[in-house]
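Protein chains: 2
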Amino acid sequence: MKFASLKNGTPDGQLVLVSRDGSCVAAVPDLAGNLLEAIQRWDAVAPALQQCYDALNAGNLQGTTAFQAAACAAPLPRSPQWLDASAFLNHGHLMEQAFNTPPIPDFDTIPVMYQGASDDFLGPEDDVPLPSEDDGIDFEGEFGVVVGEVPMSATAAQALACVRLVVQINDWSLRALGPREMKTGFGFLQAKPSTAFAPVAVTPDELGDAWRDGRVHMPLHVQWNGEQFGQPNGGEMNFSFGALLAHAARSRKLTAGSILGSGTVSNVSRAAGSACIAERRVIEKIDLGEIRTGFMRFGDRVRMQARFDDEREGPFGVIEQRVVQPS
Amino acid sequence: MKFASLKNGTPDGQLVLVSRDGSCVAAVPDLAGNLLEAIQRWDAVAPALQQCYDALNAGNLQGTTAFQAAACAAPLPRSPQWLDASAFLNHGHLMEQAFNTPPIPDFDTIPVMYQGASDDFLGPEDDVPLPSEDDGIDFEGEFGVVVGEVPMSATAAQALACVRLVVQINDWSLRALGPREMKTGFGFLQAKPSTAFAPVAVTPDELGDAWRDGRVHMPLHVQWNGEQFGQPNGGEMNFSFGALLAHAARSRKLTAGSILGSGTVSNVSRAAGSACIAERRVIEKIDLGEIRTGFMRFGDRVRMQARFDDEREGPFGVIEQRVVQPS
Numbered sequence: 012m013k014f015a016s017l018k019n020g021t022p023d024g025q026l027v028l029v030s031r032d033g034s035c036v037a038a039v040p041d042l043a044g045n046l047l048e049a050i051q052r053w054d055a056v057a058p059a060l061q062q063c064y065d066a067l068n069a070g071n072l073q074g075t076t077a078f079q080a081a082a083c084a085a086p087l088p089r090s091p092q093w094l095d096a097s098a099f100l101n102h103g104h105l106m107e108q109a110f111n112t113p114p115i116p117d118f119d120t121i122p123v124m125y126q127g128a129s130d131d132f133l134g135p136e137d138d139v140p141l142p143s144e145d146d147g148i149d150f151e152g153e154f155g156v157v158v159g160e161v162p163m164s165a166t167a168a169q170a171l172a173c174v175r176l177v178v179q180i181n182d183w184s185l186r187a188l189g190p191r192e193m194k195t196g197f198g199f200l201q202a203k204p205s206t207a208f209a210p211v212a213v214t215p216d217e218l219g220d221a222w223r224d225g226r227v228h229m230p231l232h233v234q235w236n237g238e239q240f241g242q243p244n245g246g247e248m249n250f251s252f253g254a255l256l257a258h259a260a261r262s263r264k265l266t267a268g269s270i271l272g273s274g275t276v277s278n279v280s281r282a283a284g285s286a287c288i289a290e291r292r293v294i295e296k297i298d299l300g301e302i303r304t305g306f307m308r309f310g311d312r313v314r315m316q317a318r319f320d321d322e323r324e325g326p327f328g329v330i331e332q333r334v335v336q337p338s
Numbered sequence: 012m013k014f015a016s017l018k019n020g021t022p023d024g025q026l027v028l029v030s031r032d033g034s035c036v037a038a039v040p041d042l043a044g045n046l047l048e049a050i051q052r053w054d055a056v057a058p059a060l061q062q063c064y065d066a067l068n069a070g071n072l073q074g075t076t077a078f079q080a081a082a083c084a085a086p087l088p089r090s091p092q093w094l095d096a097s098a099f100l101n102h103g104h105l106m107e108q109a110f111n112t113p114p115i116p117d118f119d120t121i122p123v124m125y126q127g128a129s130d131d132f133l134g135p136e137d138d139v140p141l142p143s144e145d146d147g148i149d150f151e152g153e154f155g156v157v158v159g160e161v162p163m164s165a166t167a168a169q170a171l172a173c174v175r176l177v178v179q180i181n182d183w184s185l186r187a188l189g190p191r192e193m194k195t196g197f198g199f200l201q202a203k204p205s206t207a208f209a210p211v212a213v214t215p216d217e218l219g220d221a222w223r224d225g226r227v228h229m230p231l232h233v234q235w236n237g238e239q240f241g242q243p244n245g246g247e248m249n250f251s252f253g254a255l256l257a258h259a260a261r262s263r264k265l266t267a268g269s270i271l272g273s274g275t276v277s278n279v280s281r282a283a284g285s286a287c288i289a290e291r292r293v294i295e296k297i298d299l300g301e302i303r304t305g306f307m308r309f310g311d312r313v314r315m316q317a318r319f320d321d322e323r324e325g326p327f328g329v330i331e332q333r334v335v336q337p338s
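Protein sequence lines, in the order shown, are assigned to chains A and B. Heads up: the first sequence runs through residues 12 to 338, numbered per my numbering. Heads up: the second sequence runs through residues 12 to 338, numbered per my numbering.
Footprint (simulated), chain B over chain A, 3 or more residues, beta carbon under 8 angstroms: (1) 113 to 121; (2) 140 to 148.
Listed next, the in silico DSS-like pairs over lysine-lysine satisfying Cα-Cα at most 30 angstroms (straight line): (3) B:K194 - B:K296; (4) A:K194 - B:K194; (5) B:K296 - A:K194.
Sample of chain A residues lacking proximity to chain B, with all beta carbon distances greater than 10 angstroms (derived): (6) N19; (7) G33; (8) W53; (9) P58; (10) A66; (11) W235.
Don't read these hints as lab results, they were simulated from the structure. This structure is a prediction, so every number in the text was calculated from the model and none was measured. The beta carbon of each residue, even a glycine, is placed where N, CA and C say it ideally should be.
Start from the sequences, fold in the hints, and give me the full structure.
This is the structure in structure tokens:
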């Protein structure tokens, strides 16, 4: 199934089913008013949602309208928890190599992740107001999962079975603020403003073979101001989403609707490019001896879209955002 | 005004007004079903809530029942954000001195804080299931504030004006897990299980002169298994709540109902004792040359209550919790 949330002035938006071909949507108010409610009542509503989805795809559902990304909020405009890992070790290793910083302890064997703000997510085409160009404004293309309730101390297999939806994420980052916050040991706070999401959240079966081993095996195409920037593949993730969720749930439960992100998608092959500017900059430093690329300016745009392959677009829709000065 | 939230099977509980003397409560369903809703609609409902509160205190409100802490959830059983600072520098300085760790950069001038899970708070008398005694189970007595919406880049004065309620907090901590998580730079995650709250959240005016300079000038009395453990005063907080909120809102808005904590209350005077075991342990290491106190065991109890002075109890009620093995 494919879901989106239309902006309707409420904090959670209005749930709609999105047709498999992405052309049209239909609300299902009798089943769930918003996606968070559907996730919270998943076992009770999923069968009926599936019936409606099948009818939508067969052209047999009443009240459909055209899909418009601009009308969409994030699939979950707010969620109980937002946890973001750094599960592509290549990215971390590049950072360490470029800046000659001490290695993160156990980085290759124990996932690292931070807790981010989950009360104010951005929609796929929302402008991104940020306080200053001096903060090192950067995008981060990621994949993520939305879970049903994960009990405390769940195993990786148990946690993976709690995955309800897969999402595509732009984890906005302020690079000038990150290193100081890392040095405090308390983690990112100012360095991580509101996170944005592609419009469509999908059940794992929509990904077919691209969802296996608890990973999203799809390239994430990133363009900055219209130029191709990278297309790293999510399959290189060093920890599965099951392992990441189990780490997160070690001493707490994750309530239904919690979201866990992969961290910026990153591939060992330089040909894949990067899903964030910071990584391109460290590659320039390592390969060329100097950083040549600056961070984003007000008015800059970023576009992100996962694809199955060159011919087939992914199911998440497109993130297309512009950085702006606060009004 | 004084508020509590009765457990009623819903995620946000049922809002009740608590009489100033703490003896009785009354629901106000016509004004707000739960406290989060009241905070979100504060300007619209606060005058009518004040009228009901005045009537409750005058004995003129219908439908009152006796106040029972055990019936209470946290005042906000879940909230949009939970941010916890370390605003008593004495605590951090003791930690550094005892373990000879490198100083946190700018620790005395820029607040440090982590983002915690805000989807699953514990009530004042809720048992605390934790996975292992080997994790270094510890309490942390704190004060905190609940805010209306704080806009991005608010000043300290603007942010302080957004404070709606003051709360008393037990920020459960797993000390064996904290140092490794700090070294990753990504901050606390496993080291910070669900946080607990005293039953009553109060508007700042209920504190009288004890609320000034954006601080709670009250001793927080902490007892561990019935023995007095410490009574440090919140007035020694090195950053005001306004400064802490402004730091948190530097690159994000805080939506209405967000909670910011002070970090463990800590005083320079050794006579004040401590509000967490970790601090007593480092004082033992510094003053006695060896750590003598262990962390909590399953079955252990902690009690926390702020007081105006020796004669007068504070308005927040009592946190009285027991650590247990998960069922």
